[in-house]
Amino acid sequence: MLSDDQVDYIRKVLKKRGIETIDLLEEMTDHFVQAIEEREDELPQLTLREALRQEVAKFGAFGMMKLQEDYQRKLEKEGLRILWRTFLSFWKIPQIMGSIAFLYATFLSIQFFGQDAVTFYRIAILAVALVFVGVMIYYRYRLGAGNLAMYTKLHSSLHWIYLPVLVNWGNLAQPTGTDNTMTFNAQLIATALLGVVLLFQCAGALILKRSYTEVERQAALRHAK
Amino acid sequence: MSKNAYNTILRELILQLFQYQEQWHGYDMAKKLKENSNGQIEIKENRLYPALHKLEQEGVLSSELVQVGNRSRKYYALTENGTEEADAAFIKLSEMAQALQLILKTKAHA
Numbered sequence: 001m002l003s004d005d006q007v008d009y010i011r012k013v014l015k016k017r018g019i020e021t022i023d024l025l026e027e028m029t030d031h032f033v034q035a036i037e038e039r040e041d042e043l044p045q046l047t048l049r050e051a052l053r054q055e056v057a058k059f060g061a062f063g064m065m066k067l068q069e070d071y072q073r074k075l076e077k078e079g080l081r082i083l084w085r086t087f088l089s090f091w092k093i094p095q096i097m098g099s100i101a102f103l104y105a106t107f108l109s110i111q112f113f114g115q116d117a118v119t120f121y122r123i124a125i126l127a128v129a130l131v132f133v134g135v136m137i138y139y140r141y142r143l144g145a146g147n148l149a150m151y152t153k154l155h156s157s158l159h160w161i162y163l164p165v166l167v168n169w170g171n172l173a174q175p176t177g178t179d180n181t182m183t184f185n186a187q188l189i190a191t192a193l194l195g196v197v198l199l200f201q202c203a204g205a206l207i208l209k210r211s212y213t214e215v216e217r218q219a220a221l222r223h224a225k
Numbered sequence: 226m227s228k229n230a231y232n233t234i235l236r237e238l239i240l241q242l243f244q245y246q247e248q249w250h251g252y253d254m255a256k257k258l259k260e261n262s263n264g265q266i267e268i269k270e271n272r273l274y275p276a277l278h279k280l281e282q283e284g285v286l287s288s289e290l291v292q293v294g295n296r297s298r299k300y301y302a303l304t305e306n307g308t309e310e311a312d313a314a315f316i317k318l319s320e321m322a323q324a325l326q327l328i329l330k331t332k333a334h335a
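Order-wise, the sequence lines are chains A and B. Residue numbers 1 to 225, in our numbering, belong to the letters of the first sequence in order. Residue numbers 226 to 335, in our numbering, belong to the letters of the second sequence in order.
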């Protein structure tokens, strides 16, 4: 049986050969350890370095890099699937009702408070977007199963933002009266701000998927230990 | 044999292995296939692992990492969809083997 140092040496060699993703690295390390242990039983005089060289050669000159590339592509596809599922998850009755309620409340408040409310909402939207990005970054770099649950809640609680973007919040939120009427630019800015939030949501979904994958792997490794 | 044909057969071969046991890891799969075919079928590692990852991506297989000694081992198991596919794979391979035998018999008689 190979020692911890020998197993670490194999990991290092595989990393140098281009295997970066944790679970692929673990899978390949296990493969090589088993193959080398078997070879050592057959040829006890064979050194670890030589046995590893022979096993790596079986993958071909760029085999490891190709394997990593394929795996990376697979992860990216999973990310896109999550993004699509996140988008679809909005189209559920509670989210749609929430969006309509939010939209109507916004519309009423703008009618009631006029230009002040428009300015307030612009600042609020920008603040939400910035806080959202901040939280995304925070949780991206401080991963943990507990943290992730809160992170997911935050992500799904912002679903209502999609609908106003889709129905052009700027136009619907137009206040009445000649003094308070939003200009074309104001509508454009309001819609653009919401568009920015939507983009953050999309980026968030991708980050969320990556975080999930990392947490799943870490949890699996912890569980295994 | 074309790459597509090879990948299709490889896929069927991987899936039919699950009739022997519920969980497999890559290294043992290659070994078992070699053993069962008296050394006639040797699957290259650079083909086996991408095929496993593809099956996992398609939801045919699921995986989990299990600590074994000083390293982690990735075990694959059939998902619910995978079970149906594995049954189909077994039938497909059996039919293919029968067809090949028939072709060879015909040739021997000719």
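Do not take every clue at face value.
To be verified - Derived CB-CB ranges, DEER-like:
{"no.": "1", "chain 1": "B", "residue 1": "Gly284", "chain 2": "A", "residue 2": "Phe112", "range": "49 to 55 angstroms"}
{"no.": "2", "chain 1": "A", "residue 1": "Met65", "chain 2": "B", "residue 2": "Ile328", "range": "24 to 30 angstroms"}
{"no.": "3", "chain 1": "A", "residue 1": "Asp8", "chain 2": "B", "residue 2": "Asn261", "range": "32 to 38 angstroms"}
{"no.": "4", "chain 1": "A", "residue 1": "Asp8", "chain 2": "B", "residue 2": "Gly264", "range": "31 to 37 angstroms"}
{"no.": "5", "chain 1": "B", "residue 1": "Lys269", "chain 2": "A", "residue 2": "Arg122", "range": "31 to 37 angstroms"}
{"no.": "6", "chain 1": "A", "residue 1": "Ser89", "chain 2": "B", "residue 2": "Glu289", "range": "24 to 30 angstroms"}
{"no.": "7", "chain 1": "A", "residue 1": "Ser89", "chain 2": "B", "residue 2": "Glu247", "range": "15 to 21 angstroms"}
{"no.": "8", "chain 1": "A", "residue 1": "Ala61", "chain 2": "B", "residue 2": "Ile316", "range": "50 to 56 angstroms"}
{"no.": "9", "chain 1": "A", "residue 1": "Phe102", "chain 2": "B", "residue 2": "Gln244", "range": "53 to 59 angstroms"}
Keep in mind the hints are simulated off the structure, nothing from the lab. Ideal placement from N, C-alpha and C gives every residue a C-beta, glycine not left out.
**Prompt:** Do the Cβ positions of Gly284(B) and Phe112(A) conform to the proposed distance bound of 49 to 55 angstroms?
**Reply:** holds (51 angstroms)
**Asked** Within 31 to 37 angstroms or not, the Cβ separation of Lys269(B) and Arg122(A)?
**Response** Hint violated: Cβ distance 60 angstroms, outside 31 to 37 angstroms.
**Asked** Okay, Ser89(A) versus Glu289(B) on CB: inside 24 to 30 angstroms?
**Response** holds (26 angstroms)
**Prompt:** Does the Cβ distance between Ser89(A) and Glu247(B) fall inside 15 to 21 angstroms?
**Reply:** violated (32 angstroms)
**Asked** For the pair Asp8(A) and Gly264(B), does the Cβ-Cβ distance stay inside 31 to 37 angstroms?
**Response** holds (33 angstroms)
**Request:** Hint says 50 to 56 angstroms; check whether the CB-CB distance for Ala61(A) and Ile316(B) agrees.
**Result:** violated (39 angstroms)
**Prompt:** Is the gap between the beta carbons of Phe102(A) and Gln244(B) within 53 to 59 angstroms?
**Reply:** holds (54 angstroms)
**Assessment of proposed distance window 24 to 30 angstroms (beta carbons of Met65(A), Ile328(B))** = The hinted range 24 to 30 angstroms is violated for Met65(A) and Ile328(B), with Cβ atoms some 40 angstroms apart.
**Prompt:** Honestly, do Asp8(A) and Asn261(B) meet the 32 to 38 angstroms range at C-beta?
**Reply:** About 34 angstroms separates the Cβ atoms of Asp8(A) and Asn261(B), which means 32 to 38 angstroms holds.
The structure fails to meet hints 2, 5, 7 and 8 from the earlier list, while all remaining hints are met.
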